[in-house]
Amino acid sequence: MNDEDMPDVDGQTIHLQELRRGTVVLACLRLLSEPGYGYSLLESLQSRGFDTDANTLYPLLRRLEKQGHLTSEWNTDDARPRKFYRTSPEGLRLAQALTHEFRAIAAAIDALPEED
Amino acid sequence: MNDTRTPPASATLTERYVQAVTRSIPEAQRDDVAAELRGSIADQLDARIEAGEPAEAAERAVLTALGDPDKLAAGMIDRPLHLIGPRYYLDWWRLLKLLLWIVPPIAAFGIALGQTLAGAPIGAIIGATIGGTLTVIVHLAFWTAFVFFLIERYEVGGAKEGGVSNPWTLDDLPDVHATRARFADMVVNLVFLALAAAVLVWDQLFGLVYLDGRWMSFLDPGLWPGWMGGLLIVLAVEAAFQVVLYVRGRWTVGLAVANTVLNLVVAVPAVWLLSQGMLLNREFWDAVIPDDPEKVYGILSVLTGFGIAAIAIWDTIDGFLKARRAGS
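Heads up: the protein sequence lines correspond to chains A and B, in order.
For the first sequence, the numbering used here gives the first residue as 17, with consecutive numbering after it.
For the second sequence, the numbering used here gives the first residue as 897, with consecutive numbering after it.
Just so you know, the hints here were simulated from the structure itself, not pulled from any lab data.
We treat Cβ as the ideally placed atom computed from N, Cα and C, and that holds for glycine.
Please note: incorrect hints may appear among the correct ones.
[What the hints assert, rightly or not] Calculated pairs, SDA-like style, for lysine to any residue (alpha carbon to alpha carbon, straight line, at most 20 angstroms):
id	chain 1	residue 1	chain 2	residue 2
1	A	82	B	1084
2	B	967	B	993
3	A	82	B	931
4	A	82	B	1087
5	B	967	A	69
6	A	82	A	33
7	B	967	A	52
8	A	82	B	975
9	B	993	B	926
10	B	993	B	928
11	A	82	B	993
12	B	1218	A	73
13	B	967	A	43
14	A	82	B	927
[To be verified] Among chain A residues calculated to face chain B with C-beta under 7 angstroms, some are:
id	residue
15	98
16	99
17	100
18	104
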């Protein structure tokens, strides 16, 4: 589950982590168009193939909130109070831009010379 | 939840972990972070226990996966985990190298000269020079790193806040000559401040003028150590101000206000001391101009007072003019 636990084949781990970092931001912004709390988001990220740890997700959520891409609200109706996050209009615009960019990058990679 | 006492030994691992994370989080966010963290840990625990893991092992696994609490806390409040990051590293390193080229040689020369004048034996001269120069080097290294450490943490409106909305354009490219000039300005100012501090200390300890067969200080010896210590602290703050000014790259209204405060902090006590006859060394002026010392001293005090005020006022106005020209 944790990248750091994987055997480091030819020093790949650090490059893979770098590549994934931005995609988690995008995934959070898109998933949180429906309000969600930390653990539920962690689950959906993992089930959708975005390998994320709790100790990177929570700081990320706070950073995105501070930047105005997410809004948050405490829900105390349940026995366990939970902080629900939701993507702000600004965050949705960011998600759109990131998605667009990601597709462009994927297309650009496809157009690269084939590997052997 | 504001309770920051050490939890009793019987506290759960989770509670100890939450406390360890939140102790370094600012008061305003502490409860929020603690509550969210508790909820998250509980959620993860439930999932593992439901999957059939024993409760204790599950708790250990969840907390271990969360990792070092200080690192998590730093992430939560976006606190950098380095002294000086890539944004300022080169500025800091360039400044430190240059200061190390300039200041220690001057200090070594000054100490050697002082020891020689005081008639110290050659061994003591060498010892004091090496020791003193090393102290100066350590101070330079420490204070430059400290100022940049503060800038790294408290600079507002930097790239961090700008995020993706601040595209870099060619217009942001600094003019090579202008940058060099500003850098040179800062270094000149820093060296000047260091020299001023050295001269002040020298004047108080040894005296600057040789008269009637002995060294006399120019300023009132009674200023040492209280007033003089305060002035040295202000000079250090002024040095930090010069570095901040360079890093910002231009004058702003905030910097002009800070400059005004610094000027007031120097000028007001100086003029007051002068009016009390506590700034200049009476003895010195009596020795220089033996005729009618009372009158001379009076005229001199007035001139000095106006001089101090004029410099402070001019420097203050200059700061605001530069801020306005910089378009802030």
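Hint check:
{"no.": "1", "hint": "A:82 / B:1084", "in the structure": "violated, 40 angstroms"}
{"no.": "2", "hint": "B:967 / B:993", "in the structure": "violated, 32 angstroms"}
{"no.": "3", "hint": "A:82 / B:931", "in the structure": "holds, 18 angstroms"}
{"no.": "4", "hint": "A:82 / B:1087", "in the structure": "violated, 41 angstroms"}
{"no.": "5", "hint": "B:967 / A:69", "in the structure": "holds, 14 angstroms"}
{"no.": "6", "hint": "A:82 / A:33", "in the structure": "violated, 23 angstroms"}
{"no.": "7", "hint": "B:967 / A:52", "in the structure": "violated, 25 angstroms"}
{"no.": "8", "hint": "A:82 / B:975", "in the structure": "holds, 13 angstroms"}
{"no.": "9", "hint": "B:993 / B:926", "in the structure": "violated, 41 angstroms"}
{"no.": "10", "hint": "B:993 / B:928", "in the structure": "violated, 44 angstroms"}
{"no.": "11", "hint": "A:82 / B:993", "in the structure": "violated, 37 angstroms"}
{"no.": "12", "hint": "B:1218 / A:73", "in the structure": "violated, 45 angstroms"}
{"no.": "13", "hint": "B:967 / A:43", "in the structure": "violated, 24 angstroms"}
{"no.": "14", "hint": "A:82 / B:927", "in the structure": "holds, 17 angstroms"}
{"no.": "15", "hint": "98", "in the structure": "holds, 5 angstroms"}
{"no.": "16", "hint": "99", "in the structure": "holds, 5 angstroms"}
{"no.": "17", "hint": "100", "in the structure": "violated, 10 angstroms"}
{"no.": "18", "hint": "104", "in the structure": "violated, 14 angstroms"}
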